[in-house]
Amino acid sequence: MATFALVDCNNFYASCERLFQPRLRGRPVVVLSNNDGCVIARSNEAKALGVGMGAPMFKIRKLVEEHDIAVCSSNYALYGDISDRVMSVLGSSAPAHEVYSIDECFLDLDRLGVPDLTDWCRDLREHTLQWTGIPVSVGVGPTKTLSKLANRLAKKSAKAGGVLDLVQHPQWIDAALRKTPVCDVWGVGRRWTVMLEERGIHTAHDFANAPDGWVRQRMGVVGLRTVHELRGLVCHALEDQPPPKQTTCCSRTFGKAIFDKGQVHDAVMSFAERAAEKVRCSGQVAGAAQLFIRTDPFAQDAPQKSVSGSATFHRPTADTREIGATVMRIFERIWRDGYGWRKAGVLLLDLGPPGHAPVSLFDVIHVPDDGLMKAMDQINARYGRGTARLGLAQKDGEWHMRRENLSPSFTTRWGDIPSAKTG
Amino acid sequence: MFMVCSNYSLEPTPVLRLADFPLKLELPLFTAQVPAGFPSPADDHIEGKLDLNEHLVRRPAATFFVRASGESMRGAGIFDGDLLIIDRGVTPQPDDIVIAVLQGDLTVKRLKKVGGQWHLAAENNDYPTLPMGEGDCEVWGVVTHSIRRHCGR
Chain L
1 MATFALVDCN
11 NFYASCERLF
21 QPRLRGRPVV
31 VLSNNDGCVI
41 ARSNEAKALG
51 VGMGAPMFKI
61 RKLVEEHDIA
71 VCSSNYALYG
81 DISDRVMSVL
91 GSSAPAHEVY
101 SIDECFLDLD
111 RLGVPDLTDW
121 CRDLREHTLQ
131 WTGIPVSVGV
141 GPTKTLSKLA
151 NRLAKKSAKA
161 GGVLDLVQHP
171 QWIDAALRKT
181 PVCDVWGVGR
191 RWTVMLEERG
201 IHTAHDFANA
211 PDGWVRQRMG
221 VVGLRTVHEL
231 RGLVCHALED
241 QPPPKQTTCC
251 SRTFGKAIFD
261 KGQVHDAVMS
271 FAERAAEKVR
281 CSGQVAGAAQ
291 LFIRTDPFAQ
301 DAPQKSVSGS
311 ATFHRPTADT
321 REIGATVMRI
331 FERIWRDGYG
341 WRKAGVLLLD
351 LGPPGHAPVS
361 LFDVIHVPDD
371 GLMKAMDQIN
381 ARYGRGTARL
391 GLAQKDGEWH
401 MRRENLSPSF
411 TTRWGDIPSA
421 KTG
Chain A
1 MFMVCSNYSL
11 EPTPVLRLAD
21 FPLKLELPLF
31 TAQVPAGFPS
41 PADDHIEGKL
51 DLNEHLVRRP
61 AATFFVRASG
71 ESMRGAGIFD
81 GDLLIIDRGV
91 TPQPDDIVIA
101 VLQGDLTVKR
111 LKKVGGQWHL
121 AAENNDYPTL
131 PMGEGDCEVW
141 GVVTHSIRRH
151 CGR
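Top line first, the protein sequences correspond to chains L and A. Under this note's numbering, residue 423 is the last one in the first sequence; the count climbs by one each step, no gaps. Under this note's numbering, residue 153 is the last one in the second sequence; the count climbs by one each step, no gaps.
Calculated from the structure, these hints are not laboratory results. Any given hint could turn out to be false.
[Stated by the list, open to error] In silico lysine-lysine, DSSO-like type, Cα no more than 27 Å apart, as pairs: (1) L:245 to L:155; (2) A:49 to L:374; (3) L:374 to L:278; (4) A:113 to L:421; (5) L:421 to A:49; (6) L:374 to L:59; (7) L:305 to L:261; (8) L:305 to L:179.
[Said to hold, decoys possible] Here are the computed distance ranges between Cβ atoms for each label pair: (9) L:247 to A:54: 49 to 57 Å; (10) L:119 to A:103: 16 to 24 Å; (11) A:93 to L:247: 47 to 55 Å; (12) A:51 to L:337: 51 to 59 Å; (13) A:103 to L:202: 43 to 51 Å; (14) A:51 to L:111: 48 to 56 Å; (15) L:304 to A:104: 47 to 55 Å.
[Claimed, not checked] Taking beta-carbon pairs under 10 Å as the criterion, some of the chain L residues facing chain A (in silico): (16) 86; (17) 130; (18) 225; (19) 228; (20) 420.
The C-beta atom is built at its ideal place from N, Cα and C for all residues, glycine as well.
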């Protein structure tokens with residue numbers, strides 16, 4: 001029988017923060033979104049205090065003070081590195097794996113051939129915790145959808161000890177389906193939930209027993225696949241090779257609304273630099289660039305505007321100099337005075353492998369490949385992002401993210417590694 | 001500030017050459033370069049390069065770097081400012097040097113087992129040996145190497 005596991009890190013961001021700051025253990029911890037806007041991760045203690053997912057910081061300030069909640073700005077350098085470690089441990093333990101998100105990984109355990117699957121999953125949990133310091137939960141099922149459902153219940157039940165195995169214990173599937181609200185089924189979004197609830201389908205069990213024809217008519221083949229997966233029919237296989245990206249984007253919401261052209265220009269140029277770096281990192285080149293800037297849609301009394309523009313490169317490129325110059329031209333074209341700009345982004349489009357576009361006789365190659373980009377990437381990898389730049393933008397503009405409680409990059413920067421007292 | 005040049009190579013040096021991140025130091029076994037003419041008689045004998053990662057890091061996913069602070073592990077050869085390599089994949093045994101969590105802090109200690117009871121000891125008589133299992137106290141990871149800089153240039 002097909003056997004899938006979904007391994008999910010428990011309160012991942014909070015667990016990363018605690019790994020190098022043991023003082024945070026046992027204390028409620030919340031992690032805030034970019035710009036310290038709202039809560040995007042909570043430790044169990046913070047959940048128990050009633051801190052909601054997505055709660056804006058200003059609304060929970062009182063709770064934070066009353067209960068001494070530790071508030072962390074999101075530290076993606078740290079979370080990304082720890083995630084890589086967890087995925088590498090999981091990947092080397094199972095015959096095949098698919099990294100599903102920063103903190104979730106599907107495993108294909110079909111050919112594992114162990115006498116006791118549940119025991120194996122418990123060992124995997126222990127092993128991951130010992131190596132990386134990150135606690136995980138494991139859900140096992142005959143389909144991906146059921147493994148995800150099992151994972152959710154494994155996390156909820158203290159009795160499960162972090163593992164729920166519906167393959168070794170198929171007799172539990174029925175109860176598991178009944179216990180799962182339909183909104184928590186993998187692939188069922190808010191719109192479908194409303195529609196299903198209206199028709200009296202409240203649990204995964206109700207949904208699994210809905211007639212095929214009805215599901216197909218209302219929710220198409222995608223919905224039907226979900227229903228089949230709930231019944232134990234495999235419709236989704238492991239995707240171990242993510243398709244190469246077609247676009248890459250670097251965008252940010254500014255710390256506050258910015259009116260000054262120079263400031264927005266600087267922000268946009270740093271996004272261009274970062275986007276170019278991402279494209280080089282994936283070994284691709286971009287065919288076109290797009291730039292957008294917009295005001296704050298929530299500032300209702302301020303004038304609203306959203307502008308964008310794009311341009312095609314003569315030859316696909318990943319060189320910051322060419323990309324920067326092009327984005328600068330777009331910027332000059334679309335800039336409007338008098339608005340409080342709040343967000344901007346640079347997209348690089350038509351990504352593909354280098355060297356595929358033929359050089360025409362009349363192509364002028366402005367920028368020779370002199371190794372500058374590579375040297376720059378190496379410096380930035382070693383000394384931290386933004387160390388070596390092209391002088392397109394100043395380093396500390398007003399547009400920078402608010403990250404007032406940012407923890408050090410414990411694992412990715414020499415200057416930030418944790419210290420341990422010998423006394 | 002970027003005058004770090006630690007990647008020796010048989011190739012001619014391009015504009016700027018830096019060690020790859022993280023900590024990738026490759027030392028070739030042969031450094032003779034012949035600009036033109038006779039090929040090196042050593043060419044057929046090159047056996048690859050020595051990678052310090054290979055020597056120091058056995059389990060990359062479980063390996064972390066920590067800076068030692070303070071003098072009370074001198075007895076174990078660990079000095080203030082030394083870089084410690086921690087391998088969480090190693091199961092702690094008596095007499096291992098470990099990073100331990102003690103009252104919410106990371107500390108460097110020697111793990112001891114006396115009469116069936118685990119203890120954390122400093123290599124310095126001014127600090128008491130602490131029995132484990134009381135309060136917030138646990139082993140975070142085993143120290144496998146310490147690296148000391150002898151030349152600040």
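Consistency of the hints with the structure:
With a C-alpha separation of about 33 Å, the suggested pair residue 245 of chain L and residue 155 of chain L falls outside the 27 Å cut-off, and the hint is violated. The hinted pair formed by residue 49 of chain A and residue 374 of chain L meets the criterion: a straight-line CA distance of about 22 Å does not exceed 27 Å. With a C-alpha separation of about 12 Å, the suggested pair residue 374 of chain L and residue 278 of chain L falls inside the 27 Å cut-off, and the hint holds. With a C-alpha separation of about 21 Å, the suggested pair residue 113 of chain A and residue 421 of chain L falls inside the 27 Å cut-off, and the hint holds.
Restraint check for residue 421 of chain L and residue 49 of chain A: not satisfied, since their Cα atoms lie roughly 36 Å apart, outside the 27 Å limit. With a C-alpha separation of about 45 Å, the suggested pairing of residue 374 of chain L with residue 59 of chain L is violated against the 27 Å cut-off. The straight-line distance between the Cα atoms of residue 305 of chain L and residue 261 of chain L is roughly 15 Å, inside the 27 Å bound, and the hint therefore holds. A distance of roughly 47 Å separates the Cα atoms of residue 305 of chain L and residue 179 of chain L; the hinted pair therefore is violated under the 27 Å criterion.
About 38 Å separates the C-beta atoms of residue 247 of chain L and residue 54 of chain A, a value inconsistent with the hinted range of 49 to 57 Å. A hinted range of 16 to 24 Å for the beta carbons of residue 119 of chain L and residue 103 of chain A is inconsistent with their spacing of about 35 Å. Checked against the hint of 47 to 55 Å, the pair residue 93 of chain A and residue 247 of chain L passes, with Cβ atoms roughly 51 Å apart. Under the hint 51 to 59 Å, the C-beta atoms of residue 51 of chain A and residue 337 of chain L, about 55 Å apart, fit the expected range.
For residue 103 of chain A and residue 202 of chain L, the hinted distance range of 43 to 51 Å is satisfied, since their beta carbons lie about 48 Å from each other. Range check, residue 51 of chain A to residue 111 of chain L: about 33 Å between beta-carbon atoms, so the 48 to 56 Å window is missed. At roughly 48 Å, the beta-carbon separation of residue 304 of chain L and residue 104 of chain A lies within the given 47 to 55 Å, and the hint holds. A least Cβ separation of about 8 Å between residue 86 of chain L and chain A falls short of the 10 Å threshold, and the interface hint therefore holds.
Proximity of residue 130 of chain L to chain A holds as hinted, the smallest CB-CB distance being about 6 Å (cut-off 10 Å). A cut of 10 Å between beta carbons decides the hint on residue 225 of chain L: the least distance to chain A is about 34 Å, and the hint is violated. Violation of the interface hint for residue 228 of chain L is found here, the shortest Cβ-Cβ separation to chain A being roughly 36 Å, above the 10 Å cut-off. Because the smallest distance between the Cβ of residue 420 of chain L and any Cβ of chain A comes to about 4 Å, under 10 Å, the interface hint for this residue holds.
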